[in-house]
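Residues 1 to 179 in UniProt numbering are what the sequence shown spells out, letter by letter.
Hint data in this document are derived by calculation from the structure and do not stem from the laboratory. Glycine is no exception: its CB is placed at the ideal position from the N, C-alpha and C atoms. Only true hints are included.
Across the chosen pairs, the derived CB separations fall in these ranges:
{"#": "1", "residue 1": "C80", "residue 2": "L37", "range": "14 to 24 Å"}
{"#": "2", "residue 1": "G122", "residue 2": "V63", "range": "21 to 31 Å"}
{"#": "3", "residue 1": "V36", "residue 2": "L130", "range": "17 to 27 Å"}
{"#": "4", "residue 1": "T125", "residue 2": "D164", "range": "55 to 65 Å"}
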Amino acid sequence: MPFDASQLRKRGRSLASVVSPWLIGRRPVASLAVGVLAAILALAVAAGVGMTIGSSRVADLVVETWTGAEFHVEVVAATCLVVGIGAVSAAITGGFVPTVALVASVPFGVGLARYGIEYTVGHMTVVVSLPEAFADGAGAAIVIGLPLAVGSYLVGVSARRVADSDRGNSGPGIRPERT
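Start from the sequences and build out the full structure, keeping to the hints where you can.
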């Protein structure tokens, strides 16, 4: 059955009024604040990773944990923290875009931390340029951040719906019979 926008117009609603809360969120100001927080978090992660262990070491830790070569508690804890923060964001704003921005900002920041790193290819020394670092960050945000963000969004929206529905009571409410 194809989608019929005329049914929305009959009820005084538009397609934008239906899609916008799902995409942007129920609270646009909160969604904007989350977007700004995501940009700040990405830069903070890039600076922190760049000044401490480096993005290549973070990548090694993630790969070792993912493949089972060696389990790193810090990788699992950081992943759970990022998913939890994304779920709280989704529960508060209800927007998919702000949740994706917030969760994907961490892997984006790790990829961005490659900026300025020197590495050797054959007999040449190459420095990672800003466009390369940005591309690495975008790739990490898509490959790692997007699946985590989808999970965060689903958990957060589900938690909000459970909290909003009869304070967690399931089943039909008690209603007196009308005679």
